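Trainee: Next come the chains, spelled out residue by residue.
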Amino acid sequence: MKKEQFRTCPESGLQFHKPAEMLMRLNAVAAVVALLVGGVTALLITMTRWPTVHLLPADKFYQLLTTHGINMLIFWIIFFEIAVLYFCSSTLLRCRLATPKLGWVAFILMVLGAVINNVSVFSGNSSVMMTSYVPMPAEPMFYLGLILFAVGALVGCFIFLGTLVIAREEKTYEGSIPLVTFGALTACIIAIFTIAMGAVILVPTFLWSVGLIANIDAAMYRLIWWGFGHSSQQINVAAHVAVWYAIAAIVFGARPLSEKVSRTAFILYIAFLQLASAHHLLVDPGLSSTWKIFNTSYAMYLAVLASMIHGLTVPGSIEVAQRAKGFTKGMFEWLRKAPWGNPVFSGMFLSLIGFGFLGGISGVVMGTEQINIIIHNTIYVPGHFHATVVIGTTLAFMSLTYFLIPVLFRRQVFLPGLAKWQPYIFGIGMMVFSLVMMGAGTLGVERRHWDMAFTDAALGYDYPASAFTLMALVGVSGTAAVVGGGIFVLITVVSVFFGKRVASDSSYGTDTSRLMKAPPIVEPQGGHAAAGKWGFAAPGTFALALLFLATFVVYYAVNWKYLASVWPMS
Amino acid sequence: MLALVWSLIMFVMMPLWHVYGKQNLSNEAYRTTPEAFMAKTQAMVDQYTVRTETNQNMPVVHPPPGSDVYLIARLWQWWPLLELEKGQTYRLHVASMDWQHGFSLQPVNINTQILPGYEMVLTITPDTDGDQTIICNEYCGIGHHNMVGKIYITEGGS
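Here the protein sequences line up with chains U and F, keeping their order.
Note that numbering that gives the first Met the number 0 gives residue 455 to position 456 of the first sequence, counting from 1, and the numbers run on in steps of one.
Note that numbering that gives the first Met the number 0 gives residue 100 to position 101 of the second sequence, counting from 1, and the numbers run on in steps of one.
Honestly, the hints are just simulated from the structure, not real lab data.
Source: prediction; values computed, not measured.
Where hints are given, some of them may not hold.
Examples of chain F residues toward chain U, derived with CB under 8 Å [what the hints assert, rightly or not]: (1) Leu1; (2) Thr51; (3) Met96; (4) Pro106; (5) Asp128; (6) Thr132; (7) Tyr151; (8) Ile152; (9) Thr153.
What the simulated footprint calls covered on chain F by chain U, stretch by stretch (three residues with Cβ under 8 Å from a Cβ of chain U suffice, anywhere in the stretch; the number is not a length) [what the hints assert, rightly or not]: (10) 15–26; (11) 37–47; (12) 60–66; (13) 133–140.
All C-beta atoms in this analysis are idealised placements derived from N, C-alpha and C, irrespective of residue type, glycine included.
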C-alpha cells in the first residue's frame, strides 16, 4: 500500500516528498544555527580588527576566528548545500528521495561532527584556524569532528545521486535533467572529489594527532589540504550558480539563453577544478614556476571563463524574459523595472554582481603567479573570499531561503518589510567590507593577525594611517553586514517556528503529479531578437559584460604596475 | 569570445613576466633540518654581527654584498636582524625551525610562505630607502602578532 507522502505546493507547483521535505528542513535549520554561531563570532572578530575598538584578547581572537571560519565556510554552507541537493533532486525531478533513512544517518553524522569540532575549538586547545596547518597541532577531536561531518556530507551526495537514478528509472522527467539539477550534479561531483581529498589529508592528520604517525610534511599537507580546501569552494560556486539559474526561473520564468552553453560551462568547472587550489601555493618553497603557472591556469583559465559565461547568461536570460514581458525601452528598462523589493531577486542579483566584480576579478588577479607576491596572506585574501563566499554563496542561499519559507516550510515570511531591506544591508555591507579589506591588504595589513599596532612586540612597525582608517571601515562595514545577517536569522527562525501558516491547502497524497511544465514564456512577435535592440537579444547584459571586462583589464594592469615597484627578485 | 581571448592573455602574462619582469619568485629551495639551518645561520651571525638591539640582545648582522644571508623563522621571532646595502644583491635563505610562518616584508610588500623542512632562497636587490619590517603573516599561535623582524637598509659602502 502506498503511503500518503507527496504534496504539491499550490503557489509554486513544486512537489515535495515527505521524508525529503523533512530532511531539507532539518539541514536548512542546522545551516542557520551554524550561520548564527558564525555570525556572532564574526561580530566579535570584526570588532577586534577595528583598531580603536580592539575588543577581544589575543587568545580569544584566534579561537573565535577559528570558530567563525569553520562554522561559516564548512557547516553553514554544506548543511545548506545538502538541503539544496535534496531539493534539486527529489523536488525538481518530482520523485521520491533515495534511502531517506540514510539521509537521517548523514544528518546525524554531520551534526555530531559539527558539535565535536566546535566543542574542541571552544575548549581552547584547537585554535588552529580552518586550515589547521601542520605541524601546529589541534586536539584529535578537532580533526575527528571534521571527518565525521565529511562522511555525513558524502552520504548526502550519494543520496542525491541515488535519487537521480530513481527519477530516471521512474521516468519522472523527460529529456535531460533540468539545468538547475545539472548544476547541483556538478556541485555533487566536485563535492565527492573534494571530500576524498579531505579524507586523504585529514585522516593522516588525525592519526598524527593521536601519535600514530610521526611526521607530516608541511608542503605536502598544504598541497593536499588545498586540493580539498579550494575545491570545496568550487562546490559553492556550482551550487550558487545553480541557485542563480533557479531564481531567474522562479522570479521571471527565465530560460537560459542556451542550455548547451550553460551546461558546458558547468562541465568546465569539473574539468578545471584544481586551478584555484594551486593559487594557495604560489609563494611556497619547493614548487617550480612552471608547475605554478600551469596548475593555476591550465594554460587558459577555462574555469574563469565558465564563471564569466554564467555571469553573462543568468542576467541575459532575465533580460530576455523581461523584454518578452514588454520592458523593452532603452538598454536597461528590464533591469530598472525588475522586482527590487523582492528579496529573492535583489539578493540573487547583488550576489551575482558582487561575486563577479569583487570576488572574481580579485581572485584571478591574486591567483597570478607573480602578483601573488604582493598579496599572499595579507587581509586582501579574506577580502577576496568574503566577496565570493559571502556575497556569492551566502547571499544567494539567503535569497533562495526567502523563496523556501512559504514553499518548503509552509510559513509566511515574518516582517516582510524588513526582509525587503535585508539583502541590501547584508550585501552592500559585505561589498564595502570586501573592498576595504582588499585596500588594507594592498597596504600590507596581514590576515589572521591580532594587533596591527604591535603594542607588545619587541620591535614594531607603523602601518600608514590610511591602513588604520581602512581597518576601521572594515569594522564598520563588517558590523553592518552582521546586522544584515542577524536580520536574516531573525526572520527565518521566527518565520519557520512561529510564523503564520500559509493558508492554501497542500496536504499529502499518494499521487505523484506528472511533470508540470514551467509557465510558457510569451514569445514576442518576431522572436527574442526583435525584442532586443541593435541586433542583440540582451544588449543591456552585453554592455554590463563589457564594463566587467574593462574593469578586469584595468585592475589586472594596475596590479602588474604595482608589482613592478617592489624590490627586484629572482 | 572576448572573454576567451582575455583568458589567454592572462595566461601569457605569467611566462612573459618571467622573461621581461624583474619580480619573480625564485624556484630555488632545498630540504633542510632545523639543526643544519641553525648551524649555517649561527656561523653567519658569529662572523658578521655589528651590534645588538632590543632587551633580548638580538644580533644585527651586516653580511657582505653578494653573500648568502640566513634568516630563521621560529616561535615567535625572526632571527637575526639584518642590515643590507641598498642596490646590492643578496641570496636570502629563509627556513622555519618549527611551525609554518609567513615572511611579509613591509612597506615594500613582499610576501612568501616559510615552511619547516624547506629552505627557500630569494635573490633580492633592495632598491628602496628606509628600513623594512618583517611581519609574520602565517598564523603561528598565540605570539604570532609579536613576531617582528627587521631588514635595515644602509647606503652602499657604509
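Trainee: Each hint should be assessed against the structure and marked as holding or not.
Mentor: Hints, verified against the model:
no.	hint	verdict
1	Leu1	6 Å, holds
2	Thr51	12 Å, violated
3	Met96	11 Å, violated
4	Pro106	6 Å, holds
5	Asp128	12 Å, violated
6	Thr132	4 Å, holds
7	Tyr151	11 Å, violated
8	Ile152	10 Å, violated
9	Thr153	15 Å, violated
10	15–26	holds (count 9)
11	37–47	violated (count 0)
12	60–66	violated (count 0)
13	133–140	holds (count 7)
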